[in-house]
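**Student:** Residues per chain, in single letters:
Protein chains: 4
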Amino acid sequence: MSSDPGGVAADQLRAFVERIERLEEEKKVISDDIKDVYAEAKGNGFDVKILRKVISLRKKQPHEREEEEAILDLYLQALGMQGYIGNE
Amino acid sequence: MSSDPGGVAADQLRAFVERIERLEEEKKVISDDIKDVYAEAKGNGFDVKILRKVISLRKKQPHEREEEEAILDLYLQALGMQGYIGNE
Amino acid sequence: MSSDPGGVAADQLRAFVERIERLEEEKKVISDDIKDVYAEAKGNGFDVKILRKVISLRKKQPHEREEEEAILDLYLQALGMQGYIGNE
Amino acid sequence: MSSDPGGVAADQLRAFVERIERLEEEKKVISDDIKDVYAEAKGNGFDVKILRKVISLRKKQPHEREEEEAILDLYLQALGMQGYIGNE
Numbered sequence: 001m002s003s004d005p006g007g008v009a010a011d012q013l014r015a016f017v018e019r020i021e022r023l024e025e026e027k028k029v030i031s032d033d034i035k036d037v038y039a040e041a042k043g044n045g046f047d048v049k050i051l052r053k054v055i056s057l058r059k060k061q062p063h064e065r066e067e068e069e070a071i072l073d074l075y076l077q078a079l080g081m082q083g084y085i086g087n088e
Numbered sequence: 101m102s103s104d105p106g107g108v109a110a111d112q113l114r115a116f117v118e119r120i121e122r123l124e125e126e127k128k129v130i131s132d133d134i135k136d137v138y139a140e141a142k143g144n145g146f147d148v149k150i151l152r153k154v155i156s157l158r159k160k161q162p163h164e165r166e167e168e169e170a171i172l173d174l175y176l177q178a179l180g181m182q183g184y185i186g187n188e
Numbered sequence: 201m202s203s204d205p206g207g208v209a210a211d212q213l214r215a216f217v218e219r220i221e222r223l224e225e226e227k228k229v230i231s232d233d234i235k236d237v238y239a240e241a242k243g244n245g246f247d248v249k250i251l252r253k254v255i256s257l258r259k260k261q262p263h264e265r266e267e268e269e270a271i272l273d274l275y276l277q278a279l280g281m282q283g284y285i286g287n288e
Numbered sequence: 301m302s303s304d305p306g307g308v309a310a311d312q313l314r315a316f317v318e319r320i321e322r323l324e325e326e327k328k329v330i331s332d333d334i335k336d337v338y339a340e341a342k343g344n345g346f347d348v349k350i351l352r353k354v355i356s357l358r359k360k361q362p363h364e365r366e367e368e369e370a371i372l373d374l375y376l377q378a379l380g381m382q383g384y385i386g387n388e
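Top line first, the protein sequences correspond to chains W, G, Y and E. Quick note: the first sequence, position 36, residue 36 per the working numbering, numbers continuous. Quick note: the second sequence, position 36, residue 136 per the working numbering, numbers continuous. Quick note: the third sequence, position 85, residue 285 per the working numbering, numbers continuous. Quick note: the fourth sequence, position 10, residue 310 per the working numbering, numbers continuous.
FYI, nobody ran anything at the bench for these hints, they're computed from the structure. Treat the hints with care, as some may be off.
Here are some chain Y residues pointing at chain E (derived, C-beta under 8 Å) [as the list claims (entries may be wrong)]:
id: 1; residue: V208
id: 2; residue: L213
id: 3; residue: V217
id: 4; residue: L274
id: 5; residue: A278
id: 6; residue: L279
By construction, the Cβ of each residue, glycine as well, lies at the ideal position given by its N, Cα and C atoms.
When you get a sec, could you build the whole thing from the sequences and use the hints?
**Tutor:** As structure tokens, this is what we get:
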């Protein structure tokens with residue numbers, strides 16, 4: 001049986017704390033793994049910043065990306081920033 | 101008169117962009133000022149981490165802080181972490 | 201004259217705290233102003249996400265942006281993601 | 301054999317992208333699990349904010365925490381914020 005100092009269910013609290021700490025530890029390992037993969041990619045000559053951009057683009061549909069690029073180009077043109085428009 | 105390539109009101113867009121850039125510049129100056137004050141405090145022997153804690157506590161009412169400390173102490177006691185309880 | 205409980209220069213500490221709080225208040229006002237300008241731009245039909253992108257691009261040189269786009273397109277092509285490549 | 305458009309090792313790039321996406325997916329699952337545990341703790345009457353504080357304190361040594369509290373109390377006293385000092 002657990003004691004409940006101040007009305008706190010000690011065993012239950014400890015269980016929550018331990019579950020959270022275990023999950024946070026797992027999360028840290030995976031975060032480190034991700035960093036390692038990026039570092040390995042960099043070591044193989046890939047551009048990490050662009051790689052992140054690719055990963056982020058893949059979460060979108062092609063037509064979403066296309067629409068965004070179209071609006072961006074309109075804005076850049078309106079601002080006289082043609083030099084910033086890609087792929088001409 | 102402004103041209104509206106692709107239906108974009110160029111003058112209006114430029115005005116928004118310039119206002120945002122001016123405000124962001126001002127914000128950067130103030131952020132740098134804050135860093136400088138902390139650095140100056142550190143140079144005068146103050147602990148920056150604790151100083152940040154003080155600033156954050158001052159945004160609370162004393163009774164809020166008191167309540168949070170009371171619950172924290174209950175939890176620490178329940179977990180057998182008495183060594184972490186302050187001010188005995 | 202100021203008292204120094206525990207060796208803390210109270211007047212100096214108070215001065216640092218007040219300077220930081222004043223600067224943080226100013227920073228908050230500017231942050232709110234920036235939000236307001238974006239909201240106003242949105243109210244005038246501009247796409248806030250793309251506007252942020254424009255602001256961020258303007259911090260780069262045209263050739264930097266061009267180089268990044270070129271590498272991005274190479275990667276997208278290598279991955280068979282031609283549909284994501286802009287401006288064809 | 302893989303093709304290398306623009307000198308990009310397509311197979312290698314694809315492998316990196318897939319490893320990163322898999323790891324990010326795993327990380328998301330764990331992040332969601334952590335949120336769920338906190339929600340469950342909240343549902344059992346625990347204060348989530350204080351629980352986070354407990355988890356963060358456990359990463360420190362008791363004497364570190366003790367030292368920080370001692371300095372904090374000195375600062376609060378110097379600022380006439382005695383009402384914010386815990387555990388009297």
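**Student:** Report the numbers of all earlier hints that the structure fails to satisfy, in ascending order.
**Tutor:** none
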